[in-house]
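Asks: Those sequence lines, one after another, are chains H and B. Numbered per my numbering, the first sequence spans residues 128 to 398. Numbered per my numbering, the second sequence spans residues 102 to 267.
Read the hints as simulated data drawn from the structure, not as lab findings. Careful: at least some of the hints might be erroneous.
Said to hold, decoys possible - What follows is a list of derived Cβ distance ranges for each label pair: (1) H:Q396 <-> B:T114: 26 to 32 Å; (2) B:Q198 <-> H:Q396: 41 to 47 Å; (3) B:G251 <-> H:Q281: 30 to 36 Å; (4) B:P218 <-> H:A357: 53 to 59 Å; (5) B:K111 <-> H:D146: 17 to 23 Å; (6) H:S398 <-> B:K215: 28 to 34 Å; (7) B:P218 <-> H:D358: 27 to 33 Å.
Stated by the list, open to error - Covered stretches of chain H (chain B as the covering partner; in silico rule of three or more C-beta atoms under 8 Å from a C-beta of chain B): (8) 191-200; (9) 233-243; (10) 261-267; (11) 293-306; (12) 374-388.
All values reported here derive from a predicted model rather than from experimental measurement. Backbone N, C-alpha and C define an ideal beta-carbon position, used for all residues, glycine too.
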Amino acid sequence: MIPATFTYKRAASAEEALDLAAEHGEDAKFLAGGHSLLPLMKLRLAAPEVLIDLSALRDLSYVRDDGDNVVIGALTRHHDVATSDLLTREIPLLAHAAGQVGDPQIRHRGTIGGSVAHGDPASDLPAVLLALDAVFVVRGSGGSRQIPAGSFFQSLFETALEPGELLTEIQVPKPAARGWGFQKFTQRAIDWAIVGVAVQGGSVALVNMGSVPLRATAVEQALASGATPADAAAHAAEGTSAPADIRASTAYREHLARVLTRRALTQAQES
Amino acid sequence: MNVGITVNGKDVTADVEDRMLLVHFLRDVAELTATNIGCDTTSCGACTVLLDGESVKSCTVLAAQASGHEVTTLEGLADGTEMHPVQRAFHAEHGLQCGFCTPGMVMAIVSLLKENPHPTEEEVRTGLEGNLCRCTGYHNIVRAVLAAAGGASPLQPPVTASEASA
């Protein structure tokens, strides 16, 4: 399968990427690792006229200690997030989950920023970053702004990014409550999660249980009231709108959400 | 656009469409056909090559993205007539049946062993989760990786027909 024709541009700097995006407007898409966008283009579900390759922006690939936060460059690959000593020590949920994305080859190419900007509710990392109360830094022609994960994901593949804005950094607060858990259910390693659950302390977020990654607020409230993991997990499907597709019905996803939430909460208790 | 990729140590330059996939560049421009096209959907791993030393699925990389970078295919592993240790291990452990997944498997394993030179059996199995073998010959593939990594395979030898019926 071959994508529809497009013009490839490789930006040498973030400034050049923003200029190219301004020049080409809605005909252009940023290309990071390409492991979400290129498959869509091969299926002709996406057909941008211009691809602005960001891979030369190596200064946007980093994991740094910034006091209360760990800050991660948007072009940091899943492999580098998964193997970061700093993240393994400070935010093991994120390092672990990044190591569960796709397979080794995908993790060598895919980036954390690409996964966030793509806005697929079936992706693992958006829900993980939602559970961690991450903040996304985006740059546009008018300067930078910060968007909390809770208001970033707006609908299926739709985010708070304005046309021409570039996600540059992910700021993740070092969690106060150390217990974490991550569970996902897939048919094959390389598949999107049918359902996934990320837990950090008393925060719980769900993968693929609606058109955006969701906080399981009913579970969080039960936990805050002192419920056991099993009792709290019984609320996991409340307030969700899980899709039905070739892999699973809505009811099955709701069942999985309860089971996986219980496992993730138990894992968090034991971590 | 003009794409120049160092393939197996040799510069290959050509004017190609911007949308050309790396796997097509390797097979049709560089004329190196060990790299197979299997699922064409980033799933099966048959098209795995090394990009700057790391395993990638070349059906999901544009040739343009690889321009200015180094690619290694299966053809680039052997040293003259001397097989690469992973190739030798596949031969010794009978790590292939039909052979279609083999080039991608071998390249994924070279990358895996570079990151983790002495993996456990479990680490080998999870490290190869991006490569599918339609013959389901995984057991001997895992044996080959362990043999390449450290000599004798710690796995149980294959069950023979006479043992199975005993």
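Asks: Each hint should be assessed against the structure and marked as holding or not.
Replies: Results for each hint:
Taking the beta carbon of each, H:Q396 and B:T114 are about 58 Å apart, not inside 26 to 32 Å as hinted. Range check, B:Q198 to H:Q396: about 45 Å between beta-carbon atoms, so the 41 to 47 Å window is met. Hint check: B:G251 to H:Q281, Cβ distance near 51 Å, so the stated range 30 to 36 Å is violated. Look at B:P218 against H:A357: about 42 Å separates their beta carbons, and that is not inside 53 to 59 Å.
Remark: the range hint 17 to 23 Å for B:K111 to H:D146 is contradicted by a beta-carbon distance near 35 Å. As the Cβ distance of H:S398 to B:K215 is approximately 30 Å, the hint placing it in 28 to 34 Å holds. Remark: the range hint 27 to 33 Å for B:P218 to H:D358 is contradicted by a beta-carbon distance near 46 Å. Coverage of a stretch by a chain is defined here by at least three residues with a beta carbon nearer than 8 Å to that chain's beta carbons; for the region 191-200 of chain H and chain B the count is 0, and the condition is violated.
With a cut-off of 8 Å between beta carbons, the region 233-243 of chain H has 3 residues touching chain B; three or more are needed, and the interface restraint holds. Restraint check on the region 261-267 of chain H versus chain B: 0 residues with Cβ-Cβ distances below 8 Å, three needed, restraint violated. Evaluation of the coverage hint for the region 293-306 of chain H: breached, as 0 residues show C-beta separations to chain B shorter than 8 Å, against a requirement of three. Coverage of the region 374-388 of chain H by chain B is violated [criterion: at least 3 residues with CB-CB distance below 8 Å; count 0].
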